[in-house]
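*Asks:* Listed below, chain by chain, are the residues.
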Amino acid sequence: MKRTGLWIGITIAVVLIGAIGLVAYRYLAPVRVDIVGEAEGVPFTIETIPATVLARPGEMVKVVYRIQNNNLTPVSAYGAITIGPAKAQDQIEVFLSQCGGINTYQNTGPEDYNVMFRVQPAGLSGSAHLVLKHTFTPSTPQ
Amino acid sequence: MIRLRWIALIAIGLMLAACAHNFAGVAPNPIGPAPDFALTDENGQPFKLSDLRGKWILLAYGYTHCPDVCPLTLAHLRDVKKAIDPTGDKVQVVFATIDPERDTTDIMRQYVGHFDQPFTQKFKGLSGTPQEIAQAAKAYNVKYEKKESTSAGGYSMSHTAEVYLIDPQFNWRMTFPFGVKAEEIAADLQYLMQHPEAK
Amino acid sequence: MKRLVIVSVVLMLVVIGAACSGSNGTTGGITLSDAWVRSPVIIDQSGAAYLVIQNHGAADKLQSVTSDAAQTIELHESMESGGMMSMAPVPNIPIPANGRIELKPGGFHMMLMGLTRPLKTGDKVQLTLNFEKAGKIPVTAEVKEQ
Chain A
1 MKRTGLWIGI TIAVVLIGAI GLVAYRYLAP VRVDIVGEAE GVPFTIETIP ATVLARPGEM
61 VKVVYRIQNN NLTPVSAYGA ITIGPAKAQD QIEVFLSQCG GINTYQNTGP EDYNVMFRVQ
121 PAGLSGSAHL VLKHTFTPST PQ
Chain B
1001 MIRLRWIALI AIGLMLAACA HNFAGVAPNP IGPAPDFALT DENGQPFKLS DLRGKWILLA
1061 YGYTHCPDVC PLTLAHLRDV KKAIDPTGDK VQVVFATIDP ERDTTDIMRQ YVGHFDQPFT
1121 QKFKGLSGTP QEIAQAAKAY NVKYEKKEST SAGGYSMSHT AEVYLIDPQF NWRMTFPFGV
1181 KAEEIAADLQ YLMQHPEAK
Chain C
2001 MKRLVIVSVV LMLVVIGAAC SGSNGTTGGI TLSDAWVRSP VIIDQSGAAY LVIQNHGAAD
2061 KLQSVTSDAA QTIELHESME SGGMMSMAPV PNIPIPANGR IELKPGGFHM MLMGLTRPLK
2121 TGDKVQLTLN FEKAGKIPVT AEVKEQ
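Chains as they are written, first to last, in my numbering: chain A, 1 to 142; chain B, 1001 to 1199; chain C, 2001 to 2146.
Because the hints were derived from the structure by calculation, they are not lab data. One or more hints might be untrue.
To be verified - DSS-like mimics (lysine-lysine), calculated; alpha carbons at most 27 Å apart, straight line:
#1 C:Lys2120 / B:Lys1122
#2 C:Lys2061 / B:Lys1147
#3 C:Lys2144 / C:Lys2104
#4 B:Lys1122 / B:Lys1181
#5 C:Lys2104 / B:Lys1147
#6 B:Lys1143 / A:Lys133
#7 A:Lys133 / B:Lys1181
#8 B:Lys1090 / B:Lys1181
#9 C:Lys2120 / B:Lys1082
#10 B:Lys1082 / C:Lys2144
#11 C:Lys2104 / B:Lys1146
#12 B:Lys1082 / B:Lys1055
#13 B:Lys1082 / C:Lys2061
#14 B:Lys1122 / B:Lys1138
#15 B:Lys1055 / B:Lys1090
#16 B:Lys1138 / A:Lys62
#17 B:Lys1181 / A:Lys62
#18 C:Lys2144 / B:Lys1181
#19 B:Lys1143 / C:Lys2104
Using the sequences and the accompanying hints, generate a full structural model.
*Replies:* Below, the structure is given as structure tokens:
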């Protein structure tokens, strides 16, 4: 009788510690963020530097979109920011995006555009793997 | 029991990692000397940013006709100085206009004078000719544009609204985007003051 | 079992009652609260006013604001685009159904132009917000130093 009780106790303790460990991990561990750029209807070559980051929750991160306009003349484009997966919309806060919104992209070679953001931890209902995407479409200059 | 020890070690490791300071700003890579520029200060005197070598400098650009963003930035800088250096002269706030058409030296003196009332070390409010302003803005990659508006308030300016932190050795240490809170800037400044080698 | 049912019903009524109570400035489904005004730093320039709009009903729109403290009040939005902060007048501010919109620095705000009197910290300013469906709702804003 006593030994069964002891085994049950140990099992519960191990499960609890495992659960607490997992929750702690979800709240403290860095979140992987893929930095993606897509050109739709604009002749851009886009490189993201770095292409993926391990962002510590609460720490401001800066990434660079290196965008080259391959056209012979300047092109005006709109950069739309989307965050995936859909349930993780509020997990990233983008403070600044130099290639977000309407910008005119010169035809004189690649230019660097800074993006600064901060992530919240995965927690109980979030995601440990996020995607930060800029999609560029043609626009009229402002 | 071995499993328990491993779990405990991992948990402690994670917590220690989490306790390392999270910066609210980003440091230039690599960290290097701060760009210098020359403008006219709020007393009409010629001023170079490098005149402030030896102090921690909090530098921001904006314009006085901005009813929303710029007063918030100045309020944040006032709060940072209040938290870190309320009676001293170690932390110098500098505000430079990107609207020299409307922001004369007199206007800049009134504007920063509103925010530096609690301090003996007054804020610098800088203006200049459009060419001097263009040079000063370019130094810190500050973009600005006049936006004609149907508003009765006249034209507004689009502008980079970051805060730049320069250390007493005149190195550019940190950039804070708009939206970072005063407490966060103060925490970063405090950390850098205590850990001069940190990046 | 009966006690459980009674307790559950009472709890439900308390929760519903709490959810339906409003703070200052409630009409129909809209509650206004935490209204404050930032006095312009340079006299003759514009001030800004902010508040929280809580909507308990159908979707609505804030169309205009009037006050005896300013000749003209416009609705503006500050936003970040291309690495720059900019500001533009907006024709209205949409308030989603059962939603909460906060007018705060760096976002939507009311721009007060042509102030009829100097505003000092602690002064109270009467604002009347005009909603498309909910109509005119008054609120008292306090002049605050940020």
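*Asks:* Are any of the numbered hints broken by this structure? If so, which, sorted upward?
*Replies:* 13
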